Amino acid sequence: MSHLSEAAAKQINEICDRYASERTPLMMILSDIQKEYGYIPLEVQELVSERTGIPVAEIYGVVTFYSFFSLTPKGKYVIGCCLGTACYVKGAQQVIDKFSEILGIKAGETTADGMFTIDALRCIGACGIAPAVSINGKVYPKVSVSAVSGIIDEYRAKENN
Amino acid sequence: MSKVNIKIEGIPFQVDAGLTILEAAKQCGFEIPSLCAFNHGECSQASCRVCLVEATGARGLVASCVYPVAEGMEITISSPKAVAARRVSVELLLSNHNRNCQECEKNGKCELLHVAKITGAKEDRYVGAQTPVSIDRLTPTITRDTSKCVLCGRCVARCKNAHGIGVLGFENRGFKTIVAPAENRSFINSPCIMCGQCINVCPTGALMEASEIDKVDAAMAAGKYVVVQTAPAVRAALGEEFGMKIGTPVTGKMVAALRRLGFKKVFDTNFAADLTIMEEATELLNRIKNGGTLPMITSCSPGWVNYAEYYYPDQLDHLSSCKSPHEMFGAILKTYYAQKIGVDPKDMFVVSIMPCSCKKYEKNRPEMEEEGGIRDVDAVLTTRELGRVIRRAGIMFDRLPDEDFDNDLVHDYTGAGVIFGVTGGVMEAALRTAYFVLTGKEREGVVFHEVRGFDNIREAEFELAGQKIKVAVTSGMKGAKVLLDQIREGTSPYTFIEVMGCPGGCINGGGQPYVREVFLPNEDANIYDTYMQKRANALYSEDERQVWRQSHNNPQLQALYKEFLGEPNSHKAHELLHTHYNKNRKKFD
Chain A
614 MSHLSEAAAK QINEICDRYA SERTPLMMIL SDIQKEYGYI PLEVQELVSE RTGIPVAEIY
674 GVVTFYSFFS LTPKGKYVIG CCLGTACYVK GAQQVIDKFS EILGIKAGET TADGMFTIDA
734 LRCIGACGIA PAVSINGKVY PKVSVSAVSG IIDEYRAKEN N
Chain B
27 MSKVNIKIEG IPFQVDAGLT ILEAAKQCGF EIPSLCAFNH GECSQASCRV CLVEATGARG
87 LVASCVYPVA EGMEITISSP KAVAARRVSV ELLLSNHNRN CQECEKNGKC ELLHVAKITG
147 AKEDRYVGAQ TPVSIDRLTP TITRDTSKCV LCGRCVARCK NAHGIGVLGF ENRGFKTIVA
207 PAENRSFINS PCIMCGQCIN VCPTGALMEA SEIDKVDAAM AAGKYVVVQT APAVRAALGE
267 EFGMKIGTPV TGKMVAALRR LGFKKVFDTN FAADLTIMEE ATELLNRIKN GGTLPMITSC
327 SPGWVNYAEY YYPDQLDHLS SCKSPHEMFG AILKTYYAQK IGVDPKDMFV VSIMPCSCKK
387 YEKNRPEMEE EGGIRDVDAV LTTRELGRVI RRAGIMFDRL PDEDFDNDLV HDYTGAGVIF
447 GVTGGVMEAA LRTAYFVLTG KEREGVVFHE VRGFDNIREA EFELAGQKIK VAVTSGMKGA
507 KVLLDQIREG TSPYTFIEVM GCPGGCINGG GQPYVREVFL PNEDANIYDT YMQKRANALY
567 SEDERQVWRQ SHNNPQLQAL YKEFLGEPNS HKAHELLHTH YNKNRKKFD
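Protein chains in written order, with the working numbering: chain A, 614 to 774; chain B, 27 to 615.
Treat the hints as calculated values from the structure; they're not laboratory data. Note that the structure is predicted; figures quoted are calculated from it, not measured. Treat the hints with care, as some may be off.
The following residues of chain B were derived to be distant from chain A, with all beta-carbon distances above 10 Å [unchecked claim]: (1) Val-109; (2) Ala-155; (3) Pro-158; (4) Val-193; (5) Gly-195; (6) Glu-209; (7) Ala-248; (8) Arg-286; (9) Asn-312; (10) Phe-423; (11) Asp-424; (12) Glu-489; (13) Gly-592; (14) Phe-614.
No farther apart than 25 Å at their CA atoms in a straight line, the calculated lysine to any residue pairs in the SDA-like style are these [to be verified]: (15) B:Lys-613 to A:Ile-667; (16) B:Lys-496 to B:His-475; (17) B:Lys-202 to A:Leu-696; (18) A:Lys-648 to B:His-475; (19) B:Lys-613 to A:Leu-617; (20) A:Lys-755 to A:Arg-735; (21) B:Lys-202 to A:Gly-697.
Examples of chain B residues lying across from chain A (beta carbon under 10 Å, computed) [to be verified]: (22) Asp-42; (23) Val-182; (24) Gly-190; (25) Lys-202; (26) Thr-203.
Quick reminder that beta carbons are idealized off the backbone N, C-alpha and C, glycines included.
So that you can see chain A by itself, here it is in the shape it has in the complex (with noise of 0.2 Å):
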């Protein structure tokens, strides 16, 4: 707990009780957290079962559950890479192992300057367009390997200016 600042404590508060009237307000609640900071530490999630009265495990419990809550920091960009069937079949392995490559980190891993996570998701919805990546929200359609090493570098470039 020493870990958290102050600030950050009362702001973990303040969205736990956001959603004080809820039956069942822990997703909400961790799913705030998760776009507010990045990632849910154990001290935060400390505080939020302190807050609502949720055990630690469960907590914990649902956070390892879903892959769209993560322990640890994630990057800037999160690189997500679609595994689901259509994008598979499409060569969906070979575009995320080619982000593994380029960025020397595996799925799930984030990269040492903290720029880059790549992320293996299963079907986002988008088999229209496999292989599909997602970066924060923006989608690529039919990422071939060749096209990988331009998307990193669009973001590079972004960050230099």
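Please build the complex by placing chain B on the supplied structure of chain A, with the hints as guidance.
What follows is chain B alone, placed relative to chain A:
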């Protein structure tokens, strides 16, 4: 309640609407094999798929533990489809199970093996990947081995329902799912109070007590002066380990067995329960007289003490400073008694037979030590472990004669000590003595009915020497939370509160014999609803048989005070018999 008409195997029955198929079938005389369903829906995850049956109106087979009966439903348990499906469910569980059953201490009481036998499952029909295993043997109390876990969720439900704590939860997803404290930590680094209720409900060997049988063996082999003490609740349940009916008191046979196991002396923790009452009643009266912190709360249950330290560190002043009875006994045995019989306390090894798994943790606490690094208690065995040791020694328990504890300075006990083993007992025992201390005479009618029973929170008002005091009794941490929150808010109307960690008190402790209907064919069908009362009755009847029923009338206890301790709460008593609590325990260390 409205009724519905159903048919099971073509035979018509009328049952309560709203029942699950599993419950309804049971009432009609059919036992559908099941694993995750437990205790009237305390746990029904429908996760094990062992209870699949055919039911009209349903698509495919249904999990009978969650599927409700409906008017006109026809249920088939024995159809080839249902029989095969149940067998496959068990075979799939077995395929991801560490099947070293021979060395598993749960063998004989394992429900997975039971359903495997019933369904005719083959242990190696499916061979494939296994979930990564984690094993926690860091605590002195509970061991967790995920290779034995069937993910039934009973432990998760018990920790949450009985205590409102919820230390255990499901983690990860799909094939990687495990049941564990957050971050798959050890219990020792989690806010687990180590009550052992999770052990009591686990159908397999995934959760077990940490055994200290080897430690006792080593002390015996090393020629130590090994003495043993037994808690009151043990005698009310030990017989179950040997097939006796639940509630059979076995005090005499237990003593005879311990003597045959080679213990130098066999003592009754009840002597120290009486001692605890003298100290605790005096402490209470002093607090009332001198404006001390009230309400005072009992401190006999180490699970409860753990809970208070983790969750209410700001309220620890309310806990009595008394050590628990077996720790007090250890301290007396290694000082007063060792001196009297001329044994060096360093050569003495005190074993406590307890209904409790948490006593194993308690005995390791730094506070439970006397001068020169002498531990009050050296090893704790649960009732279940004692059963194992007796079987190992080839002792035929039911053929043992009834013997008495060693009549040696610390032998006597009163009925007040005996009832410590059931929720409300410490309160009743303390009130019996407090009444005498305040009025100088015994209360007419020794029983305090108001504090007996199993309701979650029981309260009563008594007049003690012209003063009205309100008391409350609870067991399980859910009730404790209510009472502690009142204290925190300054609205508690009570002067004295008894809290026990396990629901029902020590008779239902985390070290007591497993109660499973499937292994108890000779008990009533509703045994899971009545076993606590049956064990409690065994203790209440022993109380009734005692010559003395108030702690202060224990003659050898009076001698102990006269010759050694002085008076209750004396300086010496404080040194040996009292303790303090840790307000700095981190929940996730």
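Now for the hints, and whether the structure bears them out:
1. Taking the minimum C-beta to C-beta distance to chain A, about 33 Å, the non-interface status of Val-109 of chain B holds against the 10 Å cut.
2. For Ala-155 of chain B, the shortest C-beta to C-beta distance to chain A comes to about 19 Å, beyond the 10 Å cut-off, and the non-interface label holds.
3. With a least CB separation of 14 Å from chain A, Pro-158 of chain B remains clear of the 10 Å interface cut-off, as annotated.
4. Under the 10 Å C-beta cut-off, the non-interface status given to Val-193 of chain B relative to chain A is violated; the minimum distance is some 6 Å.
5. Distance check on Gly-195 of chain B: its Cβ comes as close as 3 Å (rounded) to a Cβ of chain A, failing to clear the 10 Å threshold; non-interface status is violated.
6. Listed as a non-interface residue, Glu-209 of chain B fails to keep its Cβ farther than 10 Å from every Cβ of chain A; the least gap is roughly 6 Å.
7. Every Cβ of chain A is farther than 10 Å from the Cβ of Ala-248 of chain B; the closest lies at roughly 41 Å, confirming the non-interface assignment.
8. Every CB of chain A lies more than 10 Å from the CB of Arg-286 of chain B, the least distance being 44 Å, so the non-interface label holds.
9. Remark: the non-interface label on Asn-312 of chain B is consistent with the geometry, its nearest Cβ contact in chain A lying 35 Å away (cut-off 10 Å).
10. No beta-carbon of chain A comes within 10 Å of the beta-carbon of Phe-423 of chain B; the shortest separation is about 39 Å.
11. With 10 Å as the threshold on Cβ separation, the claim that Asp-424 of chain B sits away from chain A holds: the shortest Cβ distance comes to roughly 43 Å.
12. Residue placement check: Glu-489 of chain B keeps its beta carbon more than 10 Å from all beta carbons of chain A (closest about 38 Å).
13. Distance to chain A confirms Gly-592 of chain B as a non-interface residue, since its nearest Cβ pair spans about 45 Å, more than 10 Å.
14. Interface exclusion of Phe-614 of chain B from chain A breaks down, the closest Cβ pair being 6 Å apart, not more than 10 Å.
15. Taken as a hint, the Lys-613 of chain B and Ile-667 of chain A pair is honoured in the structure, with Cα atoms around 15 Å apart against an allowance of 25 Å.
16. Between Lys-496 of chain B and His-475 of chain B the CA atoms are separated by roughly 14 Å; this keeps the pair inside 25 Å, and the hint holds.
17. Between Lys-202 of chain B and Leu-696 of chain A the alpha-carbon distance is near 19 Å, which keeps this suggested pair within the 25 Å criterion.
18. At most 25 Å may separate the alpha-carbon atoms for a hinted pair to count; Lys-648 of chain A and His-475 of chain B exceed this at roughly 57 Å.
19. About 16 Å separates the Cα atoms of Lys-613 of chain B and Leu-617 of chain A, which keeps this hinted pair within 25 Å; it holds.
20. Among the hinted pairs, Lys-755 of chain A with Arg-735 of chain A is consistent with the structure: their alpha-carbon atoms are about 16 Å apart, no more than 25 Å.
21. Distance hint between Lys-202 of chain B and Gly-697 of chain A is fulfilled; the C-alpha atoms sit about 20 Å from each other, no more than 25 Å.
22. Annotation: Asp-42 of chain B was flagged as interfacial toward chain A, and the flag is violated, the nearest CB pair being 27 Å apart, outside 10 Å.
23. Interface restraint check: Val-182 of chain B against chain A, minimum CB-CB distance 8 Å, threshold 10 Å, status holds.
24. The criterion of a C-beta within 10 Å of any C-beta in chain A is met by Gly-190 of chain B, whose closest approach is roughly 8 Å, and the hint holds.
25. For Lys-202 of chain B, the shortest C-beta to C-beta distance to chain A is roughly 9 Å, which falls under 10 Å, so the interface hint holds.
26. Below 10 Å, beta-carbon pairs count as interface contacts, and Thr-203 of chain B has one with chain A at about 8 Å; its hint therefore holds.
Figure legend: structure checked against the earlier numbered hints; hints not met, in rising order: 4, 5, 6, 14, 18 and 22.
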